[in-house]
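Chains A and B, in that order, give the protein sequences.
Residue numbers 1 to 544, in the numbering used here, belong to the letters of the first sequence in order.
Residue numbers 1 to 544, in the numbering used here, belong to the letters of the second sequence in order.
Keep in mind the hints are simulated off the structure, nothing from the lab.
Errors might be hidden in some of the hints.
If chains are identical, the list can't say which one is meant, so a pair holds when it fits in one copy or spans any two.
[Unchecked claim] Lysine-lysine pairs mimicking PhoX-like chemistry, simulated, CA-CA at most 25 Å apart:
{"no.": "1", "residue 1": "K206", "residue 2": "K322"}
{"no.": "2", "residue 1": "K97", "residue 2": "K488"}
{"no.": "3", "residue 1": "K438", "residue 2": "K400"}
{"no.": "4", "residue 1": "K438", "residue 2": "K72"}
{"no.": "5", "residue 1": "K72", "residue 2": "K488"}
{"no.": "6", "residue 1": "K400", "residue 2": "K488"}
{"no.": "7", "residue 1": "K97", "residue 2": "K400"}
{"no.": "8", "residue 1": "K463", "residue 2": "K438"}
{"no.": "9", "residue 1": "K322", "residue 2": "K353"}
{"no.": "10", "residue 1": "K438", "residue 2": "K353"}
{"no.": "11", "residue 1": "K400", "residue 2": "K516"}
{"no.": "12", "residue 1": "K504", "residue 2": "K72"}
{"no.": "13", "residue 1": "K400", "residue 2": "K5"}
{"no.": "14", "residue 1": "K353", "residue 2": "K463"}
{"no.": "15", "residue 1": "K322", "residue 2": "K463"}
{"no.": "16", "residue 1": "K488", "residue 2": "K322"}
{"no.": "17", "residue 1": "K438", "residue 2": "K322"}
{"no.": "18", "residue 1": "K206", "residue 2": "K350"}
{"no.": "19", "residue 1": "K463", "residue 2": "K206"}
{"no.": "20", "residue 1": "K5", "residue 2": "K97"}
There are 2 protein chains.
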Amino acid sequence: MKSSKHIVIVGGVAGGASAAARARRHSESARITLIERGPDVSFANCGLPYHIGGEITDRDDLAVQTPTSLRKLLALDVKTLTEVTAIHPDSGKVELKDLKTGECSTLDYDELILSPGASPIRPPLPGIDDPRVLTLRNLEDMDAIIRAARTVERVAVIGAGFIGLEVAEQLVHIGKRVSLVELQEQVLPQLDPEMARPLVEALKHKGVETILGDGIQSFGGSEEGLWTNLASGRSFEVDLVVLSIGVRPEGELARNAGLALGPRGHITVDGFQRTSAPSIYAVGDVCESPDPLAGGHAAVPLGGPANRQGRTAADHIFLGDKALPYPGSIGTAIVRVFDLAAGMTGLSEKRLKGADQSFESVVVNGPSHASYFPGAETITLKLIWSPDTGRVLGAQAIGKDGVDKRLDVIATAIRAGMTIDDLVHLELSYAPPFGSAKDVVNVAGFAAANIRDGLLLPIPTMKEAAGCQIIDVRPPETSRRLPAPGAKNIPLGELRERLGEIDKDRPVYTVCQMGKTSYFAARILANHGYDARSILGGAHHQIE
Amino acid sequence: MKSSKHIVIVGGVAGGASAAARARRHSESARITLIERGPDVSFANCGLPYHIGGEITDRDDLAVQTPTSLRKLLALDVKTLTEVTAIHPDSGKVELKDLKTGECSTLDYDELILSPGASPIRPPLPGIDDPRVLTLRNLEDMDAIIRAARTVERVAVIGAGFIGLEVAEQLVHIGKRVSLVELQEQVLPQLDPEMARPLVEALKHKGVETILGDGIQSFGGSEEGLWTNLASGRSFEVDLVVLSIGVRPEGELARNAGLALGPRGHITVDGFQRTSAPSIYAVGDVCESPDPLAGGHAAVPLGGPANRQGRTAADHIFLGDKALPYPGSIGTAIVRVFDLAAGMTGLSEKRLKGADQSFESVVVNGPSHASYFPGAETITLKLIWSPDTGRVLGAQAIGKDGVDKRLDVIATAIRAGMTIDDLVHLELSYAPPFGSAKDVVNVAGFAAANIRDGLLLPIPTMKEAAGCQIIDVRPPETSRRLPAPGAKNIPLGELRERLGEIDKDRPVYTVCQMGKTSYFAARILANHGYDARSILGGAHHQIE
Ligand SMILES: Cc1cc2nc3c(=O)[nH]c(=O)nc-3n(C[C@H](O)[C@H](O)[C@H](O)COP(=O)(O)OP(=O)(O)OC[C@H]3O[C@@H](n4cnc5c(N)ncnc54)[C@H](O)[C@@H]3O)c2cc1C
Ligand SMILES: Cc1cc2nc3c(=O)[nH]c(=O)nc-3n(C[C@H](O)[C@H](O)[C@H](O)COP(=O)(O)OP(=O)(O)OC[C@H]3O[C@@H](n4cnc5c(N)ncnc54)[C@H](O)[C@@H]3O)c2cc1C
Ligand SMILES: CC(C)(COP(=O)(O)OP(=O)(O)OC[C@H]1O[C@@H](n2cnc3c(N)ncnc32)[C@H](O)[C@@H]1OP(=O)(O)O)[C@@H](O)C(=O)NCCC(=O)NCCS
Ligand SMILES: CC(C)(COP(=O)(O)OP(=O)(O)OC[C@H]1O[C@@H](n2cnc3c(N)ncnc32)[C@H](O)[C@@H]1OP(=O)(O)O)[C@@H](O)C(=O)NCCC(=O)NCCS
Numbered sequence: 001m002k003s004s005k006h007i008v009i010v011g012g013v014a015g016g017a018s019a020a021a022r023a024r025r026h027s028e029s030a031r032i033t034l035i036e037r038g039p040d041v042s043f044a045n046c047g048l049p050y051h052i053g054g055e056i057t058d059r060d061d062l063a064v065q066t067p068t069s070l071r072k073l074l075a076l077d078v079k080t081l082t083e084v085t086a087i088h089p090d091s092g093k094v095e096l097k098d099l100k101t102g103e104c105s106t107l108d109y110d111e112l113i114l115s116p117g118a119s120p121i122r123p124p125l126p127g128i129d130d131p132r133v134l135t136l137r138n139l140e141d142m143d144a145i146i147r148a149a150r151t152v153e154r155v156a157v158i159g160a161g162f163i164g165l166e167v168a169e170q171l172v173h174i175g176k177r178v179s180l181v182e183l184q185e186q187v188l189p190q191l192d193p194e195m196a197r198p199l200v201e202a203l204k205h206k207g208v209e210t211i212l213g214d215g216i217q218s219f220g221g222s223e224e225g226l227w228t229n230l231a232s233g234r235s236f237e238v239d240l241v242v243l244s245i246g247v248r249p250e251g252e253l254a255r256n257a258g259l260a261l262g263p264r265g266h267i268t269v270d271g272f273q274r275t276s277a278p279s280i281y282a283v284g285d286v287c288e289s290p291d292p293l294a295g296g297h298a299a300v301p302l303g304g305p306a307n308r309q310g311r312t313a314a315d316h317i318f319l320g321d322k323a324l325p326y327p328g329s330i331g332t333a334i335v336r337v338f339d340l341a342a343g344m345t346g347l348s349e350k351r352l353k354g355a356d357q358s359f360e361s362v363v364v365n366g367p368s369h370a371s372y373f374p375g376a377e378t379i380t381l382k383l384i385w386s387p388d389t390g391r392v393l394g395a396q397a398i399g400k401d402g403v404d405k406r407l408d409v410i411a412t413a414i415r416a417g418m419t420i421d422d423l424v425h426l427e428l429s430y431a432p433p434f435g436s437a438k439d440v441v442n443v444a445g446f447a448a449a450n451i452r453d454g455l456l457l458p459i460p461t462m463k464e465a466a467g468c469q470i471i472d473v474r475p476p477e478t479s480r481r482l483p484a485p486g487a488k489n490i491p492l493g494e495l496r497e498r499l500g501e502i503d504k505d506r507p508v509y510t511v512c513q514m515g516k517t518s519y520f521a522a523r524i525l526a527n528h529g530y531d532a533r534s535i536l537g538g539a540h541h542q543i544e
Numbered sequence: 001m002k003s004s005k006h007i008v009i010v011g012g013v014a015g016g017a018s019a020a021a022r023a024r025r026h027s028e029s030a031r032i033t034l035i036e037r038g039p040d041v042s043f044a045n046c047g048l049p050y051h052i053g054g055e056i057t058d059r060d061d062l063a064v065q066t067p068t069s070l071r072k073l074l075a076l077d078v079k080t081l082t083e084v085t086a087i088h089p090d091s092g093k094v095e096l097k098d099l100k101t102g103e104c105s106t107l108d109y110d111e112l113i114l115s116p117g118a119s120p121i122r123p124p125l126p127g128i129d130d131p132r133v134l135t136l137r138n139l140e141d142m143d144a145i146i147r148a149a150r151t152v153e154r155v156a157v158i159g160a161g162f163i164g165l166e167v168a169e170q171l172v173h174i175g176k177r178v179s180l181v182e183l184q185e186q187v188l189p190q191l192d193p194e195m196a197r198p199l200v201e202a203l204k205h206k207g208v209e210t211i212l213g214d215g216i217q218s219f220g221g222s223e224e225g226l227w228t229n230l231a232s233g234r235s236f237e238v239d240l241v242v243l244s245i246g247v248r249p250e251g252e253l254a255r256n257a258g259l260a261l262g263p264r265g266h267i268t269v270d271g272f273q274r275t276s277a278p279s280i281y282a283v284g285d286v287c288e289s290p291d292p293l294a295g296g297h298a299a300v301p302l303g304g305p306a307n308r309q310g311r312t313a314a315d316h317i318f319l320g321d322k323a324l325p326y327p328g329s330i331g332t333a334i335v336r337v338f339d340l341a342a343g344m345t346g347l348s349e350k351r352l353k354g355a356d357q358s359f360e361s362v363v364v365n366g367p368s369h370a371s372y373f374p375g376a377e378t379i380t381l382k383l384i385w386s387p388d389t390g391r392v393l394g395a396q397a398i399g400k401d402g403v404d405k406r407l408d409v410i411a412t413a414i415r416a417g418m419t420i421d422d423l424v425h426l427e428l429s430y431a432p433p434f435g436s437a438k439d440v441v442n443v444a445g446f447a448a449a450n451i452r453d454g455l456l457l458p459i460p461t462m463k464e465a466a467g468c469q470i471i472d473v474r475p476p477e478t479s480r481r482l483p484a485p486g487a488k489n490i491p492l493g494e495l496r497e498r499l500g501e502i503d504k505d506r507p508v509y510t511v512c513q514m515g516k517t518s519y520f521a522a523r524i525l526a527n528h529g530y531d532a533r534s535i536l537g538g539a540h541h542q543i544e
C-alpha cells in the first residue's frame, strides 16, 4: 500500500467527498486535497427541492459536512471557491484558480479524481439570461429560488423529469401556481408513457397545469412578468421560471486534457473508474461506465452511483486491481409526486425499442400489503424481460405505498441476472401490514411466465382492443360506474353459464379492474375453445 | 395435458385453495374436489390476530373466498365440515367423514393434494383443558378469543413467536393487561437474541409484562381466575390464556398411509411437491421441502410458501416435469410489534451455530431514508455470510420503518446466491423520502467486505469489550447522557490530536452510537499503528 501519495480531488460533493472519505480510511499518511469551485462541500443535492418547499425545514440539514468538519474528521486539505482550470496528465499537475482572489497556481498530484458533476442545461434561447430564469444544482441556486419565489405567485417549471417534478411539487406546497412544461408527450420521460400517466392526474388534482409535447422557445421579460413562449405558439406569463431540462457533464477540463470522452461529453471510464489517462479517475455525473444491460457505456447521473464510484476510485488507488470494480449502473430511480411514488430500474420499453432489442413486457396491479388489512394501496408494476433468456431487463412501478420496495427487489434481481421464473418464487416478507402471500413482484413473475407458457395471452392496453369483442367481467356496479367502452358485461361468476352469449368465431378480449379476473376469465374461455385474450392492467389507470 | 382427471384436495385454505385455483386455470374439464374439515375455506389466517384487536374491523374481510364463491368462480366441488379420515394410495381412494351427519364415504382420486396445515401445539399439561386456555388457528378460534376477551382483563400469552407477539400486541390495543411468557431467553426465538432485544423494550413500554426463560408447567383454575404456573415456580393469575408455542404438522393421515415423513412428522416432498406415494402431493405447513441453504429438508410454516407450493403441485399435475419446481424456502418472515417491525431471511447465527457451519456476521445501523429528510428512522441490520464463498446466508432487521424492504432485498440476494460484494453495489432506489445514496443494505455489504479485507476488525457487542481500553468517540453530550461503561470519551474530531492519551501497547476498542464513527476511529488508530477494533452497532440498543 503506497501511503504518502498526494490525491487531488476535483469536486467536493457526492463522488468527490465520498472518494476522499474512503481514501482517508485507507491511509492516514496520504495527502488528500479536495478542490471545490463553490462555497460548499458535501451537501445533499437531492434534498434541495425539499427545502424550497419547506419540507426540510432547516437549511443546515442539507450540509452533510462542511469544509471545517471535513478538515477535522478526514484531515483533508479543503479548498473551496477554488476552480481547477486545467489538467496536465503528462506532468501530473492541475492548475487552480482561487475565485476569491483570482490568483492562479499549480498543484502536483500522484492520483487525480475528477468528480465535477454535471450542470443544468441552459440552451441559448432568446431571453434565457433573464434573472427570473433559474436552475437548481446547489445551495446557492436553492437560495436564489427561495428568494425569488417568496414574493411571486406564478411559476413555470420547464422539464418534467425527476428534478422538475420534485420542484413543481414543492412549489405547490408553498402555494405557488405552477405550470409544468415538458417537450415529450409525457411527464417523467425516463418511464414508459403508460406508466407515467397517473402522475399527470395527480399533478392536475393539485392544480398544476401540465403542458406536454411542447418545448420552450424563448422568454420575453417585462416588469410585470416573464412571457414563456412555447414551440406550439402558446405563451403564458409567469413570475419565475425553473429550468430543469436535464444536465450536461462538466467534461471540458477532461476534453482539454485529451481524456477520452463519450458521444455526449462524458468521461469514459472502466470498472475501476480509470479514465484514458494514467492516474486519473473520473466518478459521478461526469463519467460514463460500462453498461451492464445495454452494452457500451452509459451515464446515470444519480447520487448512489456517484457515491459508490467515488469509493471505487479510492479503493483502486490503494488496492489496485484487487479492488472491487464498479459493475455499472442499471438506472434505478424514484420520485415522489404528492402521494404517488413512481420509479424504474433497468431498461425501459422505450430504450429497448430504440435499441431494437427484443423484449416482452407485462403490467400487473397488486396491493401494497394484504388487501384485507387497512391501508393497502394499489401498485402498478411493469416488468420487462428478454424472451430469449427470460432474464429480467427492467421494471417500472407507480403507486402510493411500497413502490420503492418493489423496485429495489427487482433492481436486486436484475443485478443478479435473475429470470422471470426466479421472481415467481421470491420469498418476500409477509405479514398483513407489510406484504402479501403472493406479492405483486411474484405476480409479475407469474404473469410473465404465463405469457411465455401461453397461459396468458395479453393485450397491452384497452386501446388495442377497440372495436373488438370485449367482455367486461367486473361486477355490474363497477362496470356501470366506470364503463369499459364497447364492452359487454358478464361478471366472472356468471361466465360459465353465459358462454352462449359470446361469439366463438371471433377473438374475445376480456377486461376487468386490475387485470386479474380478466385473466381468470380468459383462462375459462380459452379452456372452452375460445380465442381469448386478456387486457393487461385492467381499467385501473386506463378508464376515466 | 390430461384434462378430465379428478383432483382431490385436502384442506381448503392457503395451500389447498391456491392449488385448486391454479388447477382450474389449467383445465376447465378437470373435476376438482376441495375437502375442508372446518366450516370455512380460503380465509386469511394471517389476519386473525388483527380482528381480535379490532384493527381489521370487518370479520368478512378475512374470508378471502367462501365455499359459494369458490364454487362459482372456480367451479370447485367444495365439501366443508368434511374430514378426510384415511388415504389409500394403492387404490387411489380417500375416506371421508361428513362432520354434520357423521356419515362416512369414499372418494376416488386421480391426483391427491394434501394441504392439511399444522395445528397449534397443546402439550398435555395439567389444566390444559380448562376452557380458558385457547389457541388461534382459524376463524372459530378467533371468535372464541374475542368472546372470551370481551369481559376479562388479564391475559397470558404463552409463546413469544410471531403469532404470540401479534396476539399480545392486539390484546394491548383493546386494553387488556398482557403477560407474555417465553421459554427461551428472548422473544421471537427465530431471531438471534441481540436482534430481538428491542422488542422487549417496546413490549415493556406498552405495559406488557414479558417473562423470558420460563415455561408453562400447569394451569390451575378457579372461578375467579386461572393460575398460570411456570417452571421457575412463579405463578400468576389471569382470566384467559392464549397458547402460541408453535405448530405441529397434521401428518397423521400421511403417516397412516405410509408416506415418508421427516423427523418432526412433516411429509417429505421433492421440488414438485411430490410425496413418496405416486400421484400424492403435499404442500404448505404439513410438508418439508428441500432446504436450499442448510441442505436436507426444512419446514417453513408460512403463507407465501404454502400458496406457491400449492401452485407448484397444480402445475406439476398438468405440466409434469416441465413445471417450475419450488426452490425450497429460505424462511423470510416479519412481524410488527407496536411501532417496530422485526424479521429475518435465510439462516440465523443460532441455526448456523447449531449446525456447526462456519459463518461471519456484522450488525450495522442506518436510516430508513435520507437522514436529512424528515421521518428517517434507524434500521438495525444484521448480515450473515459464508467466509469461504462470501455468499449471503441470512439477515435480520429491526426498526420502525423500511425493515420489510431491506429483508426483501436481501431475501432476493440470497435466492440469487449473491455475495457480500454484490450487496456493495446494489443500486437501490434513492430519493430523499425513500432511501439513501448508500442504503443500509449497501452499508452492510461495505462492512462485511471491510471485515473480510481486514479494514474493519469487529467486536460483536459491548459485552466483549468489558474491562478493555475503550474509546468512546461520540460527542461529549451524547457520551454523558448515555455513558459507555468503562470508556474514555475522545470525540472523533479530536482523535488525531489526542492520540497520546491512548495506550498503544494495549488493544483499543472504539465505540460510538451507531457503529459508524467507531469504525472511522478504528481506521484512524489502525493506520497509526494501534491494535484497534470497533464495537459493532454502537450504543444503539446496547446502552440504556
Ligand atoms: C436538485 C437535485 C435533486 C437530485 N435528486 C436526486 C435524487 O433524489 N436521487 C439521486 O440519486 N440523485 C439525485 N440528484 C443527483 C445527484 O445529486 C448527483 O448525481 C450527484 O450529486 C453527482 O455527484 P458528483 O460528485 O458527480 O457531482 P456533484 O455532486 O454535482 O459535485 C460536483 C462538484 O464539483 C464542483 N466542480 C465542478 N467543476 C469544478 C472545477 N473545475 N473545479 C472545482 N470544482 C468543480 C461543482 O461545483 C460541484 O459542487 C439530484 C440532483 C439535484 C441537482
Ligand atoms: C394466527 C396466524 C397468523 C399467521 N400469520 C402469518 C403471517 O403473518 N405470515 C405468514 O406468512 N404466515 C402466517 N401464518 C401462517 C400461515 O397462515 C400458514 O403457513 C398457512 O395458512 C399454511 O397453509 P396450509 O394450506 O398448509 O394450512 P392451513 O391454511 O392451515 O389450511 C389447512 C386446512 O386443512 C384443514 N384440514 C386439516 N386436516 C384435514 C383433514 N383431515 N380433512 C379435511 N380438512 C383438513 C384444516 O381445517 C385447515 O383449514 C399465520 C398463521 C396463523 C394461524
Ligand atoms: C458526507 C460524505 C463525505 C460521507 O462519506 P462517507 O464517510 O464515505 O459515507 P457515510 O457517512 O455514508 O459512511 C459510510 C462509511 O461508513 C461505514 N459504515 C456506516 N455505517 C456503519 C456501521 N454501522 N458500522 C460499520 N461501518 C459503517 C461504511 O462501511 C462506509 O465505510 P467504507 O466506505 O470505508 O466502507 C459523502 O457521502 C457526501 O459528501 N455526501 C453528501 C453529498 C451527496 O452524497 N449527494 C448526493 C446524495 S444527496
Ligand atoms: C383466495 C385464493 C383461493 C386465491 O388463489 P389464487 O387465485 O391462486 O390467487 P390470487 O387471487 O392471488 O391470484 C393469483 C393469480 O392471478 C394472477 N394475477 C394476479 N394479478 C394479475 C394481474 N394484474 N394480471 C394478470 N394476472 C394476474 C396470477 O398470475 C395468479 O394466477 P396464476 O397462478 O395462474 O399465475 C387463495 O389465495 C386463498 O385461499 N387465500 C387465502 C388463504 C391464505 O392464503 N392464507 C395464508 C395467507 S393469509
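Alpha-carbon proximity context of K5 and K97, limit 25 Å: within (23 Å within a copy, 83 Å between copies)
Intra- versus inter-copy proximity for K72 and K504 (alpha-carbon distance at most 25 Å): Classified as between; 22 Å across copies, 78 Å inside a copy.
Copy assignment of K206 with K350, given that the CA separation must stay at most 25 Å: neither (28 Å within a copy, 52 Å between copies)
Identical-chain pair category, K438 with K322, by Cα at 25 Å: between (41 Å within a copy, 22 Å between copies)
Homomeric proximity label, K72 with K488: Cα distance no greater than 25 Å: between (72 Å within a copy, 20 Å between copies)
Same-copy or cross-copy closeness of K438 to K353 [CA-CA at most 25 Å]: neither (31 Å within a copy, 32 Å between copies)
Homomeric proximity label, K353 with K463: Cα distance no greater than 25 Å: Cα proximity of K353 and K463: one copy only (20 Å, versus 58 Å across).
Intra/inter-copy verdict for K400 and K516 if alpha-carbon distance must be at most 25 Å: within (20 Å within a copy, 33 Å between copies)
Homo-oligomer pair classification [K400, K97; C-alpha up to 25 Å]: Intra 48 Å, inter 48 Å, cutoff 25 Å: neither.
Within, between, both or neither: K206, K322 at alpha-carbon 25 Å: neither (52 Å within a copy, 51 Å between copies)
Within, between, both or neither: K463, K438 at alpha-carbon 25 Å: neither (29 Å within a copy, 42 Å between copies)
Intra- versus inter-copy proximity for K488 and K400 (alpha-carbon distance at most 25 Å): neither (31 Å within a copy, 48 Å between copies)
The structure fails to meet hints 1, 2, 6, 7, 8, 9, 10, 13, 15, 16, 18, 19 from the earlier list, while all remaining hints are met.
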